[in-house]
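Respectively, the protein sequence lines represent chains A and B.
By the count of the UniProt record's numbering, the first sequence reaches residue 361 at its end, each step adding exactly one.
By the count of the UniProt record's numbering, the second sequence reaches residue 1006 at its end, each step adding exactly one.
Because the hints were derived from the structure by calculation, they are not lab data.
Hints are supplied without guarantee of correctness; some may be wrong.
Derived DSSO-like pairs: lysine-lysine, alpha-carbon spacing no greater than 30 Å straight-line [to be verified]: (1) A/Lys21 - B/Lys25; (2) A/Lys21 - B/Lys107; (3) B/Lys15 - A/Lys63; (4) A/Lys131 - B/Lys76; (5) A/Lys103 - B/Lys76; (6) A/Lys131 - A/Lys103; (7) A/Lys21 - B/Lys431; (8) B/Lys922 - A/Lys131; (9) A/Lys131 - B/Lys25; (10) A/Lys135 - B/Lys25.
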Amino acid sequence: MIHSLFLINCSGDIFLEKHWKSVVSQSVCDYFFEAQEKAADVENVPPVISTPHHYLISIYRDKLFFVSVIQTEVPPLFVIEFLHRVADTFQDYFGECSEAAIKDNVVIVYELLEEMLDNGFPLATESNILKELIKPPTILRSVVNSITGSSNVGDTLPTGQLSNIPWRRAGVKYTNNEAYFDVVEEIDAIIDKSGSTVFAEIQGVIDACIKLSGMPDLSLSFMNPRLLDDVSFHPCIRFKRWESERVLSFIPPDGNFRLISYRVSSQNLVAIPVYVKHSISFKENSSCGRFDITIGPKQNMGKTIEGITVTVHMPKVVLNMNLTPTQGSYTFDPVTKVQPLQIKSTNMGCGENYTTKAPKS
Amino acid sequence: MLDTNKDSLKLEAMKRIVAMIARGKNASDLFPAVVKNVACKNIEVKKLVYVYLVRYAEEQQDLALLSISTFQRGLKDPNQLIRASALRVLSSIRVPIIAPIMMLAIKEAASDMSPYVRKTAAHAIPKLYSLDSDQKDQLIEVIEKLLADKTTLVAGSVVMAFEEVCPERIDLIHKNYRKLCNLLIDVEEWGQVVIISMLTRYARTQFLSPTQNESLLEESPEKAFYGSEEDEAKGPGSGEAATAALPARKPYVMDPDHRLLLRNTKPLLQSRSAAVVMAVAQLYFHLAPKAEVGVIAKALLEVLTNLANETNIPTVLREFQTYIRSMDKDFVAATIQAIGRCATNIGRVRDTCLNGLVQLLSNRDELVVAESVVVIKKLLQMQPAQHEEIIKHLAKLTDNIQVPMARASILWLIGEYCEHVPKIAPDVLRKMAKSFTAEEDIVKLQVINLAAKLYLTNSKQTKLLTQYVLSLAKYDQNYDIRDRARFTRQLIVPSEQGGAFSRHAKKLFLAPKPAPVLESSFKDRDHFQLGSLSHLLNAKATGYQELPDWPEEAPDPSVRNVEEEDLSLIETRVGLLGGYTEVPEWTKCSSRERRKEKEKPFYSDSEGESGPTESADSEPESESESDSESGSGASSSESDNEDQDEDEEEDKGRGSASEQSEGEGEKTKKRKKGSEGAGEGSSSDDDSDSSSDSSESEETSETEEEQAEAAAWRRKTPPSSKSTPAAKEISLLDLEDFTPPSVQPVSPATVVSASLVADLEGLTLTDSSLVPSLLSPVSSAGRQELLHRVAGEGLAVDYAFSRQPFSGDPHMVSVHIYFSNSSDTPIRGLRVGTPKLPAGISIQEFPEIESLAPGESATAVLGINFCDSTQAANFQLCTQTRQFYVCIQPPVGELMAPVFMSENEFKKEQGKLMGMNEITEKLVLPDCCWSDHAVVQRVTATAHLGRVPCGTSEEYRFAGRTLSSGSLVLLTLDARPAGAAQLTVNSEKMVIGTMLVKDVIQALTQ
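Let the hints inform the model, and build the full structure from the sequences given.
Below, the structure is given as structure tokens:
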């Protein structure tokens, strides 16, 4: 299925390659570079590129391109999903998925890739299993290793691999048993000229960090589960229970993982915590114009809103701009062709701000 | 460093080497040094050496062989991880010489204790296969063995191996199908994707298409199919009752295994992996009945955004409204087009869209208006007649709009629907004529069009105007416009030579045009499996496997039967989906077992299953026929019954035929000319002139071409709206059917045309069989044409179901065949030639008719054993010189013979044929069927049944036996005074029963 993987940084260097079947020459990436040049934006590189002998499927994560080479028919989403899983694993192991981190830990990366894919087909992708096979690097462990000569690589088969719940390893022990849940919601909204909402929809995820001993069995219930549309679950969740009672019941993996992701559709009248008004006016006989944005909290929400960031994508024709925010700080980058303007404010009042994304706390 | 004894130094060295490999630098020089360390005790060093080996072994095969013995030792290691990794590396070394060793290792590992090692073995199979494909047979054995494995861990990998090595050996799946379905949910997500796509293919080959009977399926509550497992667990009885009730009502029964697959994959829609969701979606797309697709589409909105459905459309429209107010003109235009697309695809909102667009017409901006007009034009085409107001409004706008495309569109609209706006149209033409010279070319063309159309519909008012416009156009600078003007003038203005044309000009200009189809560019990719790489690229990728079409007949479902012990041994899982430890009813185990119990009765009567499948096969045919029949009812039945007036009929036919052909636009006309060849040799020069004109203008002028294309398109695709296109379709067929000898005189009827005629006959035959002929209640079908005298070169053959027992064999249906010779030479040696018959059908030939003199007729009796199916009997009629392919398709009612029984006997027999064998339908009897006589006549005309005496007056009973198998067919009609009635058919042959119900209802409600 997946023949080879190339990691490419933004400047076009191939800094890591891994082959699971016969070696595919680096030159295959030229097709990718070609497509990259054509695309206006780094994020707009077509995910599937067809070349005479191979197909390239790529993702863009954290300023890195993961380009996989395949030769035969395979569901593209399968490959894309796997590449994301690889990136997630790196993130999990090294704290960040950057070129530097990967270069520093190239051996571990290699060992990981070797375990994750066998002959192009995914073998072990659960982070819990991988961590037993290949221990993540820590300062303490590297010190211990250099003294005792023990290795980072586990020599027994992880228990999870064979059990019915591959995501959880056996014999977990914590002195403090804790479980944390983060609810992250992204509201996509379209607000028209007069300030009223045309369309609003929430994409939400619940991320969990579970540090519990033994084999905990948790259930999580919602006040109003009806709101959640298009839920997608971590495999640990019992679907039957959700279907019948709308309760999330699961034996969690150890550590960080994404429990569910969901959508609250526009039919449920998503309330936006802020209001936005804007006006654009152009001066007669001049190339200048004025652009005002007013943003403020909606009173009825009853919660304070913090950490608002406003990003305005100016069209390419804008040469320069003067900003006068009533609150907060701003940056303006005239160099990149997509000239974003960022205004940060710590506390919400009234100001010339404008929002597209508002992470709720 | 590699040569030292210290592991830490070795490790350090290996790390550096691996880093080199990672950067793509060549490290092959170090091969000998590295290989030495393969036996190193340190597991990390060992792993890195493995990495190195796998990378370079191909280049240095001889040296790589040195390491083999280490792996062989590793394969015996007590640690399963080491066993597995040894096998992995061994199989990853691409050295052909070691293929036999690999084979041995794989075989051994396939029966390893540890599922992990078995999984690795499954992975190794495609590796070995790509290295040495000669081992295929042995590998398939291993795959077969591994497929029987019961752990979730192995399932995904082995299916992957199966797909790569032997995707054609679908028979290997049979035994494991149910197991895979049940395991599916517990398999890791990567495996799920592979298994689902494999099962999709499998299901396409093994099950019947559920979409054939979608309308019926939609009626049934979804619950019955997808009753969640708890429902079944709680009350297996009720679940069973529901499923048992289904087959009784439905002619199509979804194979329980098929249902099992659909049900088991449904929860996977909630998977976190997009790939799995996509795989399930494609599975549903390809396998599920239409009704289900809607459900899934809703769940997948964000994945398949181009599946806009009715629920999300208001939102989208609201969004569009905002966009329209945008400043950016191009954006607005694009938005309007998008609205148009939405409106085309989703009928419910069409009016809303139209209203919105009409509002836009009063927009100040001209571009917006123009764009709206173009879209409105397309929309109006889809439902004309109701929108006079809009057209009037548009007509007013012509004064203001300057964008040529919009002006042209408006003119076209007015011309097209000039009958709806009789007052305004001439006025518009007057205005346009005034400004004709100043217009753009595209507008001018439309002005000519409009003038021509008006001239035809309303020549009094517009005659002068039209001539004025045409003469203006004659001296236009653009040759295209000049051509068009000349062409139009020839067509519409009556003159001595062009008289034939002007008669049909109206048909030509005012032919109903099919609505345009606005669709996105993804439409043409349907032939690829959804969500596959090929689908995305719209090109066939290597290794892409075509999704097979649904099979005609369902293969035997019993092949999937497995020993019960097998299933109960399946590992149950504490975790996912139903494995809730505290409440035992929910555990996977119990629900599975219950399901197993439930399944058992299904599979035991596989005989009953095969019944409905046949009906599902024949269903669509007869449906479509009845569709077309309803459209053309009058014409076809007329032609069938009035044999004596054939000559007149033919004249009429010719008239309508030629009209029709011209109505179809120039293309058809040209085609006809070509095909008829010498037949039209008498046509004048002028004729060919204008037709060449037409072909020229066709190439150049956009709209004309559009129309012609549309006409061609219309004939290719099945009619979208029932009434008019269906009628057209039929009259088209009549055209060929009735082509009289004078038009097609000498050209010998080729085999192709003969078979075409045979096809047509098959169609007309069933048409009329559904229409009960009131003249002879005994044999409904009357005489039907088997071979037309044109196709038969003077030999005309009709046939009729005589409803008399066939003397030779009581299982045969006797068919009377009437020959008549209308040629001037005698026909000799008439007999039945080698029949090509479907399985089970046999024909008793009639004695050869030695000679048939001109003008003479003869009769023969043919016996056909249709084996209780409505499959057509195809055979050849041979004369001494020629062979004609003909086919006889029996209406279902002719496959039986009446039985006389008493009321008590009837009731007793009916009691035996309950459940699956009973088919009930409700209907409303029309007024004309309220009398006893009418009902009995209609029923007996449709089906060859005998009436059974009955105590009450509101119930009619009929009984018969099928000819071939002698199974009883009991028909009960329970008619209530108000006209509501219930029709029940009890028969062992469910296919027959279902079709009979349909036919009888058709006969009664007409």
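Inset, instruction - Could you grab the alpha-carbon distance between A/Lys131 and B/Lys76 and see if it respects the 30 Å cut-off? - result: 26 Å, holds
Legend entry - Satisfaction of hint between B/Lys25 and A/Lys135, Cα-Cα up to 30 Å: 27 Å, holds
Inset, instruction - Compare the distance between the alpha carbons of A/Lys103 and B/Lys76 with 30 Å, and conclude whether the hinted pair is satisfied. - result: 36 Å, violated
Inset, instruction - Compare the distance between the alpha carbons of A/Lys21 and B/Lys107 with 30 Å, and conclude whether the hinted pair is satisfied. - result: 22 Å, holds
Legend entry - Distance restraint between B/Lys922 and A/Lys131, which requires alpha-carbon spacing of 30 Å or less: Distance ~66 Å between B/Lys922 and A/Lys131 Cα, so the pair is violated.
Legend entry - Hint consistency between A/Lys131 and B/Lys25 [alpha-carbon to alpha-carbon, up to 30 Å]: 29 Å, holds
Inset, instruction - Could you grab the alpha-carbon distance between A/Lys21 and B/Lys25 and see if it respects the 30 Å cut-off? - result: 17 Å, holds
Legend entry - Proposed proximity, A/Lys63 with B/Lys15 (alpha carbon, max 30 Å): Satisfied, since the Cα-Cα distance of roughly 26 Å is no more than 30 Å.
Legend entry - Restraint check for A/Lys131 with A/Lys103, where alpha carbons must lie at most 30 Å apart: 19 Å, holds
Inset, instruction - Sort out whether B/Lys431 lies within 30 Å of A/Lys21, counting only the CA atoms. - result: 75 Å, violated
The structure fails to meet hints 5, 7, 8 from the earlier list, while all remaining hints are met.
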